[in-house]
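Protein chains: 2
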Amino acid sequence: MNKNKTLVTAAVILIGDEVLSGRTKDKNLGYIAEFLGEIDIHVLEARVVPDQQSRIIEAVNALRPLYDYVFTTGGIGPTHDDITADAIAAAFSVNIDYNDEAMAILRTRYEEKDFNDARKRMARIPAGASLIENPVSQAPGFQIENVFVMAGVPKIMQAMMGCLAHRLEGGARMMSRTVRCDIGEGWIAAKLEVLQSEFPDVSLASYPFFNKDGMGTNLVARSTNEESLNKAEAALIAIVNGDSGK
Amino acid sequence: MNKNKTLVTAAVILIGDEVLSGRTKDKNLGYIAEFLGEIDIHVLEARVVPDQQSRIIEAVNALRPLYDYVFTTGGIGPTHDDITADAIAAAFSVNIDYNDEAMAILRTRYEEKDFNDARKRMARIPAGASLIENPVSQAPGFQIENVFVMAGVPKIMQAMMGCLAHRLEGGARMMSRTVRCDIGEGWIAAKLEVLQSEFPDVSLASYPFFNKDGMGTNLVARSTNEESLNKAEAALIAIVNGDSGK
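Going down the list, the sequences are from chains A and B.
In terms of the working numbering, the first sequence opens at residue 1 and continues consecutively.
In terms of the working numbering, the second sequence opens at residue 1001 and continues consecutively.
If you're looking for bench data, these hints aren't it; they were derived computationally from the structure.
Incorrect hints may have been included.
Unchecked claim - Listed next, the in silico PhoX-like pairs over lysine-lysine satisfying Cα-Cα at most 25 Å (straight line):
(1) K155/A / K1212/B
(2) K191/A / K1212/B
(3) K231/A / K5/A
(4) K27/A / K1025/B
(5) K191/A / K1191/B
(6) K1113/B / K25/A
(7) K1025/B / K212/A
(8) K27/A / K1155/B
(9) K231/A / K191/A
(10) K120/A / K1025/B
(11) K25/A / K120/A
(12) K1025/B / K1191/B
(13) K1113/B / K155/A
(14) K27/A / K1005/B
(15) K1120/B / K155/A
(16) K27/A / K1113/B
(17) K25/A / K1027/B
(18) K212/A / K1155/B
(19) K25/A / K1120/B
(20) K113/A / K1191/B
(21) K191/A / K1120/B
(22) K212/A / K1191/B
What the hints assert, rightly or not - With beta-carbon atoms standing in for the labels, derived distance ranges:
(23) K1005/B / R167/A: 44 to 50 Å
(24) G128/A / K1212/B: 34 to 40 Å
(25) T108/A / N1061/B: 25 to 31 Å
Built from N, CA and C at the ideal position, the CB exists for glycine as well.
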């Protein structure tokens, strides 16, 4: 029971032309949202922005005052189109330079003859940031204040999330119950609305789906109050069973 | 050849708590981006916002002056949590009421005894909007100025895109070429940067990937100028073949 805790919130910024062109189908938002949900942090907004410094700065500075945490993915590799670190430094108005710790980490991966300027670029970290470990390919992410900057490759991003999780503090637990029914949401909308008014601390939502057998609806109740949630769930089940629709 | 055309741009707003919680893994952004790309409209930003009127209004009014087109998905069903139509009306400061044409369409789907208040709610359309046909489940989307409001269920959204496409006018065609190589991007980053400076009208990007055989890189060149693009592609192939990396 976390009745006395408040919700802890987050925003996600996906950086990359390839997501906006549809070339890459994003898998990071869903992963991050579920990962954070498990530790009681709630993603309330996401933005996808192109590889343009001004657009990254704008998104970061719009969101970091509004949410407890901001997570970015993408644009921290070795090539000229990897501009996230510079954009974050600019967003925070801090310098960016080769970071000793990041250089040492990268030297464990690359022999000196292979540690070229492009790869050294991955050690450029905004002043005041702390590194985020990358167990997959070493090149680190970083945290500056409440902003966590991660790689865009899902396998690396997921590993980074695991490594930074201990720095995050969750709040109230949002619990959910799903009641599935095989009728269209139009049949139960009125009863659902009444139920919503009866449970102000429960958020009721209805998600229609279509499959080969026709249409159906998932009714989802979410709340930080387990007692209210249990009552709302029982009421949802009663609605579904009592109103077959035809 | 569309050398004289300018880029036509779009933004996408995905509306729904379920996408932000990770419960629903979004498939709409990738579909919309590819669909629009095929008709020479380029998605340059996307936002995911919760089912809250103020947040929908804010996103719509932030994006509609910046892009040629804005597409929203989600929140136009019959239940109390479907608030997109009201939010769009508020964003445009217009009234919203039962739309005669939408009512007539819904009456073709529902018998009078089943056409309850919840279902009639799906005929509430902002003043001045034109309907978007829904061949799957009839309840229409709508267009108001440069904003297209569609369902969130992928099957319905995709059908709506097909029905509204004739209203859209594309611009310059963005063409792309992909050169795949089996070496990490750090080996070719320096040459790629030089190449980028030689082709200012081509956008060069590098996307690393990891699979069971190790890591590799997709080098992607994009341009509206086919001649430059062909030259850049040839140069990319030369880089990949000439620099095996080891």
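Consistency of the hints with the structure:
no., hint, verdict
1, K155/A / K1212/B, "holds, 12 Å"
2, K191/A / K1212/B, "violated, 52 Å"
3, K231/A / K5/A, "holds, 21 Å"
4, K27/A / K1025/B, "holds, 8 Å"
5, K191/A / K1191/B, "violated, 64 Å"
6, K1113/B / K25/A, "violated, 43 Å"
7, K1025/B / K212/A, "holds, 20 Å"
8, K27/A / K1155/B, "holds, 20 Å"
9, K231/A / K191/A, "holds, 15 Å"
10, K120/A / K1025/B, "violated, 36 Å"
11, K25/A / K120/A, "violated, 29 Å"
12, K1025/B / K1191/B, "violated, 37 Å"
13, K1113/B / K155/A, "violated, 53 Å"
14, K27/A / K1005/B, "violated, 33 Å"
15, K1120/B / K155/A, "violated, 46 Å"
16, K27/A / K1113/B, "violated, 44 Å"
17, K25/A / K1027/B, "holds, 8 Å"
18, K212/A / K1155/B, "holds, 12 Å"
19, K25/A / K1120/B, "violated, 36 Å"
20, K113/A / K1191/B, "holds, 17 Å"
21, K191/A / K1120/B, "holds, 15 Å"
22, K212/A / K1191/B, "violated, 52 Å"
23, K1005/B / R167/A: 44 to 50 Å, "holds, 48 Å"
24, G128/A / K1212/B: 34 to 40 Å, "holds, 39 Å"
25, T108/A / N1061/B: 25 to 31 Å, "violated, 50 Å"
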